[in-house]
Amino acid sequence: MQTDRVLTGILRAGALLAVLVMLLIFCFLLFESWSALTGLSIAGFLTDVSWHPLEGTYNLMPMLSGTLLASIGAIMLGAPLGLASALFIVFFAPLHLALLYRRLIELLAGIPSVVFGFWGLTTLVPLISEWQPPGASLLAAVLVLTLMILPMITITACAALTAVPEELFRNASALGMSRWGTIAGVVLPAARVGITAGIILAAARALGETMAVLMVAGNVVQHPESLFDPVRTLAANIALEVAYAMGDHRSVLFVSGLLLMLLVMVLSAMAGLLEERQQV
Amino acid sequence: MNDDPNAFTLGPLQAGPPCCEPQPVIQVRNLSLRYNRQAALDNVSLDIYKGCITALIGPSGCGKTSFLSAINRMTDLIPGCSIDGRILVDNQDIHHPQCDVQALRRRIGMVFQKPAPFPLSIRRNIALPLNEHGTTQKTEVTAITETVLRDVGLWDEVCDRLDVSALSLSGGQQQRLCIARALALNPEILLMDEPCSALDPIASGVVEDLICSLQGRYTIVIVTHNLAQARRIANYAAFFWVKDQAGQLVEFGRCRHIFESPRDELTAAYVNGARG
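Keeping their order, the protein sequence lines are chains A and B. First residue of the first sequence: 1, per UniProt numbering; consecutive thereafter. First residue of the second sequence: 1, per UniProt numbering; consecutive thereafter.
Derived from the structure by calculation, the hints contain no laboratory data. Hints should not be assumed to be uniformly reliable.
What the hints assert, rightly or not - Computed spacing ranges between beta-carbons, pair by pair:
no., chain 1, residue 1, chain 2, residue 2, range
1, B, I78, A, M76, 37 to 47 Å
2, A, R192, B, G216, 52 to 62 Å
3, B, T135, A, Y101, 36 to 46 Å
4, B, C212, A, Y101, 50 to 60 Å
5, A, P112, B, I78, 38 to 48 Å
6, B, W155, A, P165, 49 to 59 Å
7, B, S170, A, L7, 21 to 31 Å
8, A, M22, B, R161, 40 to 50 Å
9, A, V19, B, D156, 46 to 56 Å
10, A, V19, B, G61, 47 to 57 Å
11, A, G272, B, G205, 13 to 23 Å
12, A, P165, B, T135, 22 to 32 Å
As the list claims (entries may be wrong) - Quick look at which bits of chain A chain B covers, simulated, 3 or more residues with Cβ under 8 Å:
no., segment
13, 186-200
14, 214-222
Unchecked claim - Among chain B residues calculated to face chain A with C-beta under 10 Å, some are:
no., residue
15, D76
16, G80
17, Q102
18, R107
19, P117
20, L120
21, P129
22, L185
23, L191
It should be emphasised that the depicted structure is a prediction, and the values quoted were computed from it without experimental measurement. C-beta: ideal position from N, C-alpha, C; glycine also.
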């Protein structure tokens with residue numbers, strides 16, 4: 001009894017602390033961006049001529065579009081690849097190969113993002129540059145991000161697929177359904193919610209990814225007209241400029257941080273809602 | 001009836017099979033089945049007659065379910081399972097290399113103990129296997145859906161909500177949907193592995209009546225632990241028992257004979273509740 005109460009207390013304190021830190025970060029972001037949110041016109045973030053913080057123009061739209069395009073591109077590549085990998089691991093690979101492949105994917109998840117960036121900068125960017133200069137581009141960012149979110153999508157999809165009850169397979173086989181027919185008709189619909197939740201979480205990760213993207217995206221503030229144009233993402237922008245930013249400029253950087261956090265929160269909430277629905 | 005005054009007496013017996021001339025549709029010859037080194041069935045030979053209900057009875061672990069699964073080659077899916085002997089369905093060896101397993105399983109429907117409808121809508125549960133077997137025309141699928149749902153007595157209960165999830169149905173309804181799903185493929189044979197044992201008594205009664213109503217139209221092989229049920233619904237009964245650590249067929253015959261005048265002492269003891 002006594003130990004129960006102590007343990008409960010410790011757990012409560014830990015949980016409370018985690019929530020408090022999260023809230024404090026949010027308040028801090030809000031506090032730091034307050035002067036920009038109240039002092040500058042919010043419409044300016046959308047309509048200013050450009051991002052020239054030293055001249056007082058703070059258009060965030062090019063960087064928001066860069067962020068979204070890079071993430072959407074990565075999801076469009078990563079989701080099918082990750083799902084295919086998961087299907088391979090769970091249903092098609094021989095046991096030892098599945099295990100090996102899974103370990104490799106998990107290893108991929110453990111590579112630090114700066115190493116991804118490093119590899120992108122020294123290998124991927126020159127390759128793209130040979131084809132379509134300058135190389136450092138939206139495409140490079142998409143490819144690096146794809147690799148980074150691939151393990152997350154694969155692992156969550158694997159979990160969702162293995163959670164599909166074995167008896168559904170037996171029932172489908174007993175109805176003379178083929179393996180692929182069963183997977184397409186029964187398993188994927190049954191695992192749909194879990195797979196989608198994984199993809200949403202991966203999207204949240206892609207939105208916030210900073211270092212690797214910063215190293216390969218070229219960081220030119222512009223609306224990209226093609227995949228080969230350099231872009232700058234919100235996260236990269238903060239990392240690049242926060243060291244010397246002052247006054248309104250600094251505050252606007254916090255606004256962009258707030259924006260990122262809100263995007264990620266919305267995505268996480270969506271994933272949470274989906275998972276809740278799964279359990280019903 | 002039984003001489004033993006303590007034997008429990010049951011309801012009226014089925015008089016016999018509807019077909020006058022028993023016509024074997026499944027012929028099992030010297031079937032032995034093992035899981036890795038563990039023998040599950042030893043040298044079982046048995047004929048299943050067309051249009052009749054054959055009940056497989058016996059204690060747990062005596063190989064009834066293994067026997068049932070061998071008939072539509074569901075045993076293929078169990079790693080380490082090996083089979084000796086021959087099973088002929090309509091005089092064709094189901095283990096022949098040219099036998100198409102998917103076509104075989106279409107002809108031989110199977111219903112499991114625990115109802116497992118696909119986590120899709122009621123409509124889709126029936127349409128999916130149909131589509132898989134090449135029936136894709138919408139009007140045809142709709143017509144079949146209505147027919148089989150009527151056959152299992154589910155139509156009036158669900159006709160206004162065919163698009164809701166099948167998982168929202170009750171256990172008994174789910175089991176009837178699973179039966180409907182199997183019937184939609186127009187099989188000749190239905191294998192049922194304790195279809196009522198996971199259901200409450202009322203739902204169990206409904207499913208039992210349903211199985212009776214299918215008699216004659218389909219050849220039914222049913223595994224049941226419920227002797228009273230076997231006695232009520234079956235035309236033939238096969239009694240399995242574990243001998244030498246493997247399941248063996250002890251006695252096969254008309255349900256009435258198995259229950260009223262069994263030739264084997266073990267059968268008599270089992271059906272009277274003295275053993276098993």
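Outcome of the hint check:
1. I78/B with M76/A: 37 to 47 Å: holds, 40 Å
2. R192/A with G216/B: 52 to 62 Å: violated, 42 Å
3. T135/B with Y101/A: 36 to 46 Å: holds, 37 Å
4. C212/B with Y101/A: 50 to 60 Å: Given range 50 to 60 Å: holds, Cβ gap about 51 Å.
5. P112/A with I78/B: 38 to 48 Å: Hint holds: Cβ distance 45 Å, inside 38 to 48 Å.
6. W155/B with P165/A: 49 to 59 Å: violated, 27 Å
7. S170/B with L7/A: 21 to 31 Å: violated, 41 Å
8. M22/A with R161/B: 40 to 50 Å: holds, 43 Å
9. V19/A with D156/B: 46 to 56 Å: holds, 52 Å
10. V19/A with G61/B: 47 to 57 Å: Holds: the Cβ-Cβ distance is about 53 Å, inside 47 to 57 Å.
11. G272/A with G205/B: 13 to 23 Å: Given about 43 Å between the Cβ atoms, the range is violated.
12. P165/A with T135/B: 22 to 32 Å: This hint holds: roughly 26 Å between Cβ atoms.
13. 186-200: holds (count 3)
14. 214-222: As far as the segment 214-222 of chain A goes, the hint is violated, because 0 residues have Cβ atoms under 8 Å from chain B.
15. D76: D76/B check passes; min Cβ-Cβ to chain A is 9 Å, inside 10 Å.
16. G80: Since the shortest Cβ distance to chain A is 14 Å, the answer is violated.
17. Q102: Nearest chain A Cβ about 4 Å off; hint holds.
18. R107: This interface hint holds because 8 Å falls under the 10 Å limit.
19. P117: At 8 Å from the nearest chain A Cβ, P117/B passes the 10 Å test, so the hint holds.
20. L120: holds, 6 Å
21. P129: The hint holds - P129/B has a Cβ within 10 Å of chain A, the shortest such distance being about 4 Å.
22. L185: It holds, given that the least Cβ distance between L185/B and chain A is near 7 Å, below 10 Å.
23. L191: holds, 8 Å
Consistency note: the structure conflicts with the earlier hints numbered 2, 6, 7, 11, 14 and 16.
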